[in-house]
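K.L.:
Next come the chains, spelled out residue by residue.
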Amino acid sequence: MSGLAISTTGLVHIYRAHGHDVAALSGIGISVRPGELVGLLGPSGAGKSTLLQLCGGLLTPSAGRLRIGEHKVETMTEAELDRMRAGDVGIVLQGAGRNLIPYLNPIDNIRYAQRAAPGDRVLPKPAEILELVGLAAQAQSPLTALTPGQIQLCAVAVGIATFPGLLLADEPTSQLDHQARDEVLAAIRKINAETGMTVLLITHDPEVAATLPRTITIRDGRIAAEGRSGEEYAVVASDGSLPLPPHVAELLPAGTLVQVTTTEDGVHITPVPQEEAE
Amino acid sequence: MFLRQALRYRWSQALVLAGISLLIGTCAVFGPWFARAVQQTVVTETLHGQRLSAAWQLETRPVRNLSDEPPKPEQLQPLIPADLAPLFTKPVLGIHSDVSWTGTEDPIVSRLLWRDGVCDQVVIVAGRCPAAANEVLASTVDQSTWGIEPGQTIRGIGEGAAQPGVLKVVGQYRPKDGTADYWFGRPPTGRSHPPTDKSPGETDLLLTARPTFAGDLWSQHTTLDTRPLPGVVRLDDLDRLESATTASQGKAIELGADNTSALPGVIDQIRHERAQAATIIPLVMVQVALFGLVVLALALAVVVDQRRPELAVARLRGSTARRTSKTLTVELGLPVLIGTLLGAPLGFALLLIVRSTWLRHGAPIELPWSVPVALVAVAVVALGVVVLQVRGVVRLQIATLLRRVAPSRRRAIGVIDLCIIVFAVAGLLSAVGGSNRGPLPVLAPALLALAAGLTFAHLLLPLAGLISRRALRRGRLSLALGTLQISRRPAVTRIVAAVAVAASLVAFAGQAASVGEHNRESRAGYETGAEGVLKVEASYVARFMHGINEVDRDRRWLTPVLITRPPSPDALQTVMIEPDSFRTIAYRGDQLTDLDGFRDLSAPSVEPIEFSTRQLTVTASTGPIEKVAPEVPAGATPPVEQPPAKSIRLTAYVVDLRTGARNVVTFPPLPLGKPPTVLRAPLDCRDGCRLLRLGVSRELGDQGGLRGDVHIEKLSADDQPALKLGRPEDWRPMQEPGSNQDRIAAKPGAGLTLAVTSFGAEQVLQYATAPAVVPALIAPDYRWDPSATTPAFDGTPIALTKLDRLGGPINRFPLHSAVIDLETGRRIGGTVDEASTQFELWLNAEGVAKADSIIAKLRAEGLSAQLIDQRTDRIASYGRSASALALQLTPVVGIAGWALAIVVLLLTVVTSWRSRAQDYASLRITGVPAATTGRAARWEQTGPVALAVLLGSMCGVVGAQIALPLIPLFADAGGPIPLELEVNWPVAVLLWAVSTAVLAAVTLLLGTGVNRRAGFARIREELT
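As given, the protein sequences belong to chains A and B, one line each in that order.
For the first sequence, the positions run 1 to 278 when the numbering used here is used.
For the second sequence, the positions run 1 to 1024 when the numbering used here is used.
Misleading hints may appear alongside valid ones.
Listed below are the simulated DSS-like cross-link pairs for lysine-lysine, each with C-alpha atoms no more than 30 Å apart in a straight line [claimed, not checked]:
#, chain 1, residue 1, chain 2, residue 2
1, A, K125, B, K326
2, B, K627, B, K674
3, B, K850, A, K72
4, B, K90, B, K176
5, B, K176, B, K72
6, A, K72, A, K190
Calculated directly from the structure, the hints in this document are not laboratory data.
This one's a predicted model, so the numbers in the text were calculated from it and none came from an experiment.
Please build the complete structure, drawing on both the sequences and the hints.
P.N.:
Structural data, given as structure tokens:
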């Protein structure tokens, strides 16, 4: 299966905590092309995991649109979401152990993950998947005999057990040493390259982010920036708003009046002096 | 798919689930199986214990005309339906005839008997077995009594026969075993006696051959004896047996026979007992099974909760909730189903064990329909619990499943808990308030414990938090940590509730078993009267008393009790006791009444007037006699005026000291207004008599009213010229029926002066050796009426006054009885009516041990005695009742309760030890000593468990007080013998202590184990 595109428009997710509504995502609009490898960056609590879970159909959007390939996630029933996860979307949760059945070896874990796949789907052989992630030698080993890096690779293998169009990975490289991290990252790149699978992964690791062709930074539930080939860009939202980069935001505290002008050189933002504003 | 791996990975959980299910399945099948087995055993035991009552004893009446052909015993056999014949013993056929000897000085009667195979049932000590007509075997006792020897002939005449016949003695026999089934209660007695003044001489049975009855010389009673075979007759045969018995009684009449079988009554009794078994056993087992289901539900809740990460993975990979649920249901349902089904063989094995021990192989091995039904039902319910528990979790959102800690509302009573508490309280109130013998009363202990345990558990969490904070402020770290762990673990509520219910079941089981046993013992004691009862064949009270005084003058082992029965079953029977010895010998004899009651009961300590004489002589005169007319009520017709009174007649009532006969001595008429006159009356009192009463009567037709004094100056006997007549106040008038206006009283004066008002009726004064109105303890079932009387030895009525001091049921004779002093009865006298008087000796334990010796000594005194009743036998008999057999399950309940509580504790630890160990490991990193975390680990569950055991034990005791009155401990109500349902505190305290020790030991061990695993490496572990 080829990669699936992700498209969100004004995506909002609100949850309730201690009697209050909290907006985890406040109108996110992103677009990921099929076969793209995209990193989601941002501080803790920014909404990365929420976005990932929405893409995986684990949470329901409060508002906005979310398209995964042809799937209109916001209108899908529980059964449709199940079918989507069974074939089109693979998820690797944070914490490798949470993705695996503890009493099954890697190859059985893959088989376990393939059980719910649609009947008409041609499934890859578990051994091929393990080969792809470099775990062929450990196919029959109990999980307790694997290194943390191998367990994470196993979790990734389980995530792509049905060769889905989209792989969602939540911090797949955290809690790993550099070598293991690089192995996992290499496996994900390989998967992306060889299968054309779209990959959306969350990372806090700048070194990992730097290796990704595209990154999206989320802050306070909004798209804060996008990185392309090592360059950071601010992204204008669909409502015309523009989140300022942090170093600019420090210069323009909240409530500052600015003048936006266009010149031949481009668009200029000039703060209005305090006395002039009054 | 992957089921094998899943089961292997958490094999201990599977084992726990299978173990709980095994217990549930075992209870489910064992309950109905055991109930059925108990019912079968009751049939066997009842038929065995009541052989005679259950027997068919068919007997024809002799034909009116001896020339008519009498029915043959074989003709009675068709009365047993062919299809029921295998249920009966081989019928014993017989013919007998009562023969009066002829040509002897004294009247002698014998029973001439032929029974099929009779010679095999006796020991022939001389001669041979009769073979030809009119040959007989005589008993060895008849050799000593009558000098009957082999070769001798006996002439006798049968009932209604025209001419006598001659019987030839061809041998002598000695009875072998009179209690053998062969005899059906009609064995050779081993006794014969010469004639007495009350009955003719009697021989033991004369055994003969069947040809003796071939002719028409002897009238014939044809007999057929058989009885249902215990162990062969089963529950399902009872209805047929009952109807066959009723039918046979009708058909027997057509043959001129009677079937005296009381089998329908016996079957009725079995039905009552069946009802007991059917009530108690299922309820007891249902209680355990229900508790098991609750524990299973708790266990499954924990187990399923632990599966949340795996469920999340399955859902994450696209498994639908239904599919995930199915997979987990199969994984958990399999051990549950296997365990439940394995309960069948285990229940069967248990049945085999109890069958060979408690039931003494009294029940057949069978499979009642209720067993598979119960098994299927419980399997369905157990699987239903699995489905419910799984469904509840699987339906959670994936995001919720992914959370490490399940969302819960700590410190808030959940809807389910609230429902359980409300249900338990409602059930309890229904049990307390309802009158039905439904399941709720028996469930009361569990319901009470459930409600109290859950409530207490929910209070415990905030309380533990409070204690934790205070302990922390005071620097008591162990306590603070332990209580903190309690406060932050809602699972404690489950532990406390489960342990409380378990302790409650244990306490209830202990109370039910001990109270049941206590009641069986006490009822057996009251019903027997004492530890043992000897029935003594006696004709005279004096001889009886003399005999027992020779055996045990100090009353160390026995107390005499004489019973005289009235002709009417509605009237009072007299139970005569010796108060002093009764108090010490009879079962709870001192509780019959208090000391004042026993004192009031005792005969007055007045010197009796005793003498030996052939005649009584009285010297008497009258004072001035006044003519009086009877008072006439206003408006009534005055009576015809009578001529003046002519004389009075003095009478004396004396009691023969040997025979007890009460003789009336009537003196010649005493002329009025004359000087002292000597009057004589003959009296045969050579062996001694006692003056009981003096009376004043009139000559026939002399009914003129008179009023005046009669002076008795002297009363003399052959051995005493002047009997001491005592003080005037020692003579008390007796109220005679129909003498409304006649009066008599003793008054001061010379000798004995009687103030008399007479209109013709006899008036009597009774000497104070026996009260004119006898104080008596009256059975509470009798509606007391001041005019009530009770029969003396000869059946004459004794006026009674009721002592309102009855302390408990009247031993052995709790209904329609008046207990009076035996000595008082003796002084009142009367010839013993043997048909209505029973002589008994009640024995204490030592007396029972010496029973053989006592019987031998009594025999030496000429008294034949037989041990007819023993308390231990009755206890054993009650121990074989359905109720007792059913209550034997209660220890099983107790053990099951403990086992389930331990399972709950184990399960809690199995599922929480990692997080607890991590907590303690984290504390150790911060510098908390291992000893402190160890104490906290050990006591965090031990404290709540100990409190829960205390609470549960209290609930069990209270619940027992609610439930026990409604549990049928006996097949019948027991009349006035009260049930003693007080709390057995020693048992309650013991079981509380044992429960605490067992469960606290388990929690301490588990806590120690958790602390040992609180290593630093534990912190890095994932909580799966």
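K.L.:
If a hint holds in the structure, say so; if it doesn't, say that too.
P.N.:
Right, here's what the structure says about each hint:
| no. | hint | in the structure |
| --- | --- | --- |
| 1 | K125/A to K326/B | holds, 26 Å |
| 2 | K627/B to K674/B | holds, 16 Å |
| 3 | K850/B to K72/A | violated, 101 Å |
| 4 | K90/B to K176/B | holds, 20 Å |
| 5 | K176/B to K72/B | holds, 27 Å |
| 6 | K72/A to K190/A | holds, 28 Å |
This entry does not satisfy hint 3, going by the numbered hints stated previously; all others are met.
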